[in-house]
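K.L.:
Given next are the chains, with one letter for each unit.
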Amino acid sequence: MSLEPFKRWTGVAAPLLRPNIDTDAIIPSREMKRVSKVGLSDGLFAGERYINEGGRLPAPDFVLNKPAYQGCSIILAGSNFGCGSSREHAVWALKEYGIRCIVAESFGAIFANNCVRNGLLPVVLELEPIRAISKWVDADPQAHQVTADLESQTVQWGADSLAFDAEPGARYMLLNGLDAIALTQTRQEQIMRFHERRKQSRPWLYGEPVPDS
Amino acid sequence: MTRTLFDKLWDEHLVESQPDGTDLIYIDRIFLHERTGSIALASLEADGRDVFFPEQVFCCMDHIVDTFPGRTDKTTMPSGQDFILATRHAAHDAGITVFDLGDPRQGIVHVVSPEQGIVQPGATLVCPDSHTCTQGAFGALAWGIGSSEAEHALVTKTLRVRRPKTMRVTFKGSLSGGVSAKDMILHLIGKFGAAGGSGYAVEFAGKTVSELGMEGRMTMCNMAVEFSAFTGVIAPDEKALAFLKDRPHAPKGESWREACDYWETLRSDSDARFDRELEIDAAVIEPSVTWGTSPEHCVPISGSVPQIDAETSPGLERARSYMDLDCGQPLLDLPIEAAFIGSCTNARLSDLRVAASVLKGRRVKNGMRAICVPGSMQVRAAAEAEGLDQIFRQAGFEWRESGCSMCFFAGGEHFDAQQRVISTTNRNFESRQGPGTRTHLASPATVAASAVTGRITDPREFL
Ligand code: SF4
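Line by line, the protein sequences are chains A and B. According to the working numbering, the first sequence is numbered sequentially starting from -8. According to the working numbering, the second sequence is numbered sequentially starting from -2.
A few of these clues could be false.
Once the Cα atoms are required to be at most 30 Å apart in a straight line, the calculated DSSO-like pairs of lysine-lysine come out as [said to hold, decoys possible]:
no., chain 1, residue 1, chain 2, residue 2
1, A, K190, A, K(-2)
2, B, K188, B, K162
3, B, K169, B, K236
4, A, K(-2), B, K249
5, B, K162, B, K236
6, B, K236, B, K188
7, B, K236, B, K5
8, A, K(-2), A, K57
9, B, K357, B, K236
10, B, K162, B, K5
11, B, K169, B, K242
12, A, K(-2), A, K28
13, B, K204, B, K162
14, A, K190, B, K162
15, B, K236, B, K249
16, A, K190, B, K242
17, B, K71, A, K24
18, B, K5, B, K169
19, B, K71, A, K28
20, B, K204, B, K188
21, A, K190, B, K236
22, B, K242, B, K5
23, B, K249, A, K190
24, B, K5, A, K190
The set of hints was computed from the structure by calculation and includes no laboratory data.
Required output: the full structure, derived from the provided sequences and hints.
P.N.:
Written as structure tokens, this is what we have:
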């Protein structure tokens, strides 16, 4: 159950800068057709990526459809990216599509957690530099690739680079490709002790339900 | 050390701090639903991992079940039945209590949990659903998580979480007539933005909040996630205790008294310090309505679409164009084609009562599609016992079985493209209620009044 570690990644970056791109937009609910974490990349951004709702005719204006942005693996975003529904399908779809890193002004909290749990790096920068990176990329997206380096906590583009602060817990998990459950299970003894103590201190939480009269 | 309510809840569940800067937090109760819970359970099974304490895990069938009378496991959503069957099967195998179709307790997870007394003050409760924050209204630490985290909680009864900062939003004074909890929370998000609560656990406090009933408080906490907060929480008081007393999972007899003694300590100390404090004068709040595609695109009902510079604000421009409105256009009297009363935000008994009080003796505008989906089958039964269903039906509303229904579009039933809907739900995102559907969020009173006139209408004209 271990993940591919994230240390440093260089790739084509695509801008989706408008604020509040929610998880419904990242993957519409209608695209979550099966009880499965796979087969979702086709539905990524389906609402704007395809011309005909529900169909699969690519919309030429959508950035990921532009030839210059083919092979995109980094998304440059505005504020509150991934807000809304907790659906982890948004991250599964991004990952399956090939996205490894998202640089945004801010993230929906559940979404950012979901990224880390799946080995994707969420990077927070201010909007100004994100705009600057986008502009630089746009001149020649295939040649102007962006690097996210989690070890040095920097984003690099051309001759420029900027430091970011990764949350220490997330950084540790990503750098080592750790599975959170396995990691927590090493603390099983402490958890069991807490559980037993809590049964004593708050016993009413452990009683049998009594049906409504 | 003085502490906030949030600090007390956090410390109460802290197993230990981890070297990586996160805290290992003990989880008392877990809810699942067939949309995301099915995947968490399937994934555990595939990995050969067991649910650690199934007695405290519960599951609702709410998201993709149909809400038509006489419904079965079959769904209008293609392949929806697979989710239902997979969830039912996996939940039974794991020994998890299911509030299934046909069960009189079935309903939307965040309505069912309080009804059954499963959420309690001082407890931690998580669910792979972003609106789990609703349940913070009881002084519980309740928040939404992803599927992987749900697996983590199911297997280890803990989560690794970074402690959020604390914010208090104090509402001062009393609401004027016809203004509700929904208007308060929309007002807050309109004023401070959809990312305004990002990184914070938000306590809602002040006279206005204490004057709200439990259902109004749930409406407020429900939209804490639309404010991007980690969660919302309200100190439990007599109203919270009275609501929970005698519920199936609430403690009984001596245990009840013991629990109450603890619950009464669950409030922020008088000199507790918050990382951020906001204050809102409740008297200035009007019925609120959204014009755009984020809950922050919100104005008083007497307001208008803002002036937008398409160059500098492409996001606002996109919202305006999606909603097919003009800059400066007033919201009042905007023609609407459908009205929806439902969801975990506003489909509890008090919401239906307010809507019914507007609809009584009136009819929805000709040609209008109007739908009421009670938040749970118990809400539905209670409403029927009061004759509210008759009022809705006579007014021309469809009266449904419970579920999330058209709060969100999952590929099944939906509103039409370009159709303008006024809705008591919590999200007005593009295509949330149907491909291309235009959603205006508002309170139950505003939705009912607008259904009658066929235009966005100030409910105070009717109350
Ligand atoms: S009613 Fe809507 S917001 Fe609430 S849980 Fe269901 S889908 Fe989510």
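K.L.:
For a quick check of understanding: which of the numbered hints are violated here, in increasing order?
P.N.:
1, 4
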